[in-house]
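J.: For the protein sequence lines, the chains are P and V, in the order given.
Residue numbers for the first sequence follow the working numbering, so the first one is 1 and each next one is one higher.
Residue numbers for the second sequence follow the working numbering, so the first one is 1 and each next one is one higher.
Hints are not guaranteed to be accurate.
The list treats identical chains as one, so a pair stands whether inside a single copy or across any two.
Listed below are the simulated SDA-like cross-link pairs for lysine to any residue, each with C-alpha atoms no more than 20 Å apart in a straight line [what the hints assert, rightly or not]:
1. Lys131 <-> Gly319
2. Lys174 <-> Lys188
3. Lys175 <-> Gly154
4. Lys235 <-> Asp103
Everything labelled a hint here was simulated from the structure, so no lab data went into it.
Predicted model, so just to flag it, every value in this text is computed and none were measured.
Number of protein chains: 2
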Amino acid sequence: MSIKTNTYHLHLETGSKRPVIFQIHPADWTAAAKRHRTLSKKLRVTVGQDNTLLDEALKTADFMINSAPPKDGLRERAPNLKWIQTTSAGVDGLMPMTWLPKDITLTNNTGAHGEKAEESCLMALLMLQAKMPQVIQQQQNRVWKGVFTTPITGKTVVVVGFGDLGQGAGRAAKKLGCNVIAVTRSGKATKLADKVVSSARIDSVLPKADFVIVTAPLTAGTRGLVNRDRINRLKPGAGFVNIGRSPIVDYVALRERLEKGELCGAVLDVFDQEPLPPDSPYWTTQNLMVLPHISCDDPRYIAHLLDFWFLNFERFLSGRKLINIVDRQLGY
Amino acid sequence: MSIKTNTYHLHLETGSKRPVIFQIHPADWTAAAKRHRTLSKKLRVTVGQDNTLLDEALKTADFMINSAPPKDGLRERAPNLKWIQTTSAGVDGLMPMTWLPKDITLTNNTGAHGEKAEESCLMALLMLQAKMPQVIQQQQNRVWKGVFTTPITGKTVVVVGFGDLGQGAGRAAKKLGCNVIAVTRSGKATKLADKVVSSARIDSVLPKADFVIVTAPLTAGTRGLVNRDRINRLKPGAGFVNIGRSPIVDYVALRERLEKGELCGAVLDVFDQEPLPPDSPYWTTQNLMVLPHISCDDPRYIAHLLDFWFLNFERFLSGRKLINIVDRQLGY
Numbered sequence: 001m002s003i004k005t006n007t008y009h010l011h012l013e014t015g016s017k018r019p020v021i022f023q024i025h026p027a028d029w030t031a032a033a034k035r036h037r038t039l040s041k042k043l044r045v046t047v048g049q050d051n052t053l054l055d056e057a058l059k060t061a062d063f064m065i066n067s068a069p070p071k072d073g074l075r076e077r078a079p080n081l082k083w084i085q086t087t088s089a090g091v092d093g094l095m096p097m098t099w100l101p102k103d104i105t106l107t108n109n110t111g112a113h114g115e116k117a118e119e120s121c122l123m124a125l126l127m128l129q130a131k132m133p134q135v136i137q138q139q140q141n142r143v144w145k146g147v148f149t150t151p152i153t154g155k156t157v158v159v160v161g162f163g164d165l166g167q168g169a170g171r172a173a174k175k176l177g178c179n180v181i182a183v184t185r186s187g188k189a190t191k192l193a194d195k196v197v198s199s200a201r202i203d204s205v206l207p208k209a210d211f212v213i214v215t216a217p218l219t220a221g222t223r224g225l226v227n228r229d230r231i232n233r234l235k236p237g238a239g240f241v242n243i244g245r246s247p248i249v250d251y252v253a254l255r256e257r258l259e260k261g262e263l264c265g266a267v268l269d270v271f272d273q274e275p276l277p278p279d280s281p282y283w284t285t286q287n288l289m290v291l292p293h294i295s296c297d298d299p300r301y302i303a304h305l306l307d308f309w310f311l312n313f314e315r316f317l318s319g320r321k322l323i324n325i326v327d328r329q330l331g332y
Numbered sequence: 001m002s003i004k005t006n007t008y009h010l011h012l013e014t015g016s017k018r019p020v021i022f023q024i025h026p027a028d029w030t031a032a033a034k035r036h037r038t039l040s041k042k043l044r045v046t047v048g049q050d051n052t053l054l055d056e057a058l059k060t061a062d063f064m065i066n067s068a069p070p071k072d073g074l075r076e077r078a079p080n081l082k083w084i085q086t087t088s089a090g091v092d093g094l095m096p097m098t099w100l101p102k103d104i105t106l107t108n109n110t111g112a113h114g115e116k117a118e119e120s121c122l123m124a125l126l127m128l129q130a131k132m133p134q135v136i137q138q139q140q141n142r143v144w145k146g147v148f149t150t151p152i153t154g155k156t157v158v159v160v161g162f163g164d165l166g167q168g169a170g171r172a173a174k175k176l177g178c179n180v181i182a183v184t185r186s187g188k189a190t191k192l193a194d195k196v197v198s199s200a201r202i203d204s205v206l207p208k209a210d211f212v213i214v215t216a217p218l219t220a221g222t223r224g225l226v227n228r229d230r231i232n233r234l235k236p237g238a239g240f241v242n243i244g245r246s247p248i249v250d251y252v253a254l255r256e257r258l259e260k261g262e263l264c265g266a267v268l269d270v271f272d273q274e275p276l277p278p279d280s281p282y283w284t285t286q287n288l289m290v291l292p293h294i295s296c297d298d299p300r301y302i303a304h305l306l307d308f309w310f311l312n313f314e315r316f317l318s319g320r321k322l323i324n325i326v327d328r329q330l331g332y
């Protein structure tokens, strides 16, 4: 292949151990390049897996799509590198960002997850309101027992974190006629929630929740935010959902309340250790539904990511500010 | 208790073997009478259980609320009886209605189930789209495996029967951005569905369904409507929901397709034999979720029924036509 002049080098790096929907294969690029024919002509592209070609690619790469970029001597190894795009929204695995040269821009994939997150939260709220964890348990035990529940309208949903995922959760709750209270870093009002409080004031709203949905990124400010004390003050019969990150929540305290039957149930999509090991107690915790980190991801994930990257590449070429630049202090 | 002149006698009859939420107890009446103080003064009320007081009550009853009214010699036993209200919406257990004197009006409780049915269908559609039957099975087997699914928008939902429950199902599907095709007796258009066909033309739409929701009452026209041949022509990967009545659907054929993994799953709320016996094969059928006949019922059921009855009683007093009069030929 002849290398064109006036082209940029984009390196796509992927890990074979990630779920297939998050892997970037040459066919994904070929399909995306067809959708963005003119822009793609300005690019020379390499695709690597498990870092086998990484060092060679870094020598000339201008841009890289990589959720686990190399942290050691990056500037020296990649003298032309200007911009790294992650395939994920969460960049907690890249914190602290002391490894990232100041003149390399990092963008994440926030915004890709909102629509699916909304549907997953809609489902989780309805399942908890209908006491599906109990109904599923009854089916396993071949027990027929009417578990009658009212419609969910009028219930209060506290959404912790109100970015892409949190706004999806908020839309879901509003669709069901619920009252939405958002907990955010700033506490700044938004019309997407009936009320917003800052995370410093979380204690004023958690005990009012019929349902809590954790959607926040993992940062210094959110780690341990929903601690044992706060779990213990959840209303009897409340439901709990986590589609954000597990270290935000004290799962040991949550399990204790679930096992005592004090909550109507929990839907957890994220865990400290993923895949969840076979001997984990979460698999069999009473009224706990274990989801394998699927709530926010669409199988068309990489196609959407590459479309988003092209949108940003067009902005890059015209000198506009990129979308989704990660704040290296805040970590999202 | 002194019997007032110009009062009517209302007899409430209930069965102790029905789920508690469908039983009428004196306290339910007392609460309802407080909500409808003026109207309740026109009534003398008796409350019976398991027919122990029934014959005595029939001698003077003008009205009766009873889902299993006596069929033998009713006119002779209840000379003043003008109106029977059932607690249920389905009156298939009262067919054929040769036992019912022509001058006794029968009203059912249709309309009480739509809101809850809508939420249950919303949940069922989302669970099937997200392949929750498979995810639940994985949890039972302690298997962590990403099951990634797209949002449901754009899928086609065929709703069989489009009364109170069916319109709830239709609203749910529209909320999710789905295309709604209703199958009704007449095939008459309604703005609540994108398309309506008559049940005679069901074969033209069932194979297009990504999801089928059966909501119809059991009548001579719906019994066996979704037969083996029609089940076999459902699209591979389709999802199936039944919140209507089980004899409408060939469950044996449905089970075969589920066990072969040809459908994404089924949510069945109704069965030929309820409670489902412990040795039933449905408990463990692959990708089948068994719900214990709860999808359309609100625990405030009797309170709502009595409010509805008072509304109709007011119409009775002013000589207007009652709401929810059952067509004795059609059976709903």
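J.: All the hints need checking, so say for each whether the structure fits it.
T.: How the hints compare with the structure:
Taking the shortest alpha-carbon separations for lysine 131 and glycine 319, neither the intra-copy value of 53 Å nor the inter-copy value of 44 Å comes in at or below 20 Å. Proximity of lysine 174 and lysine 188 under a CA criterion of 20 Å is satisfied intra-copy only: 19 Å inside one chain copy versus 33 Å between copies. For the homomeric pair lysine 175 and glycine 154, the shortest alpha-carbon distances inside one copy (11 Å) and between copies (18 Å) are both at most 20 Å. For the homomeric pair lysine 235 and aspartate 103, neither the shortest alpha-carbon distance inside one copy (48 Å) nor that between copies (53 Å) is at most 20 Å.
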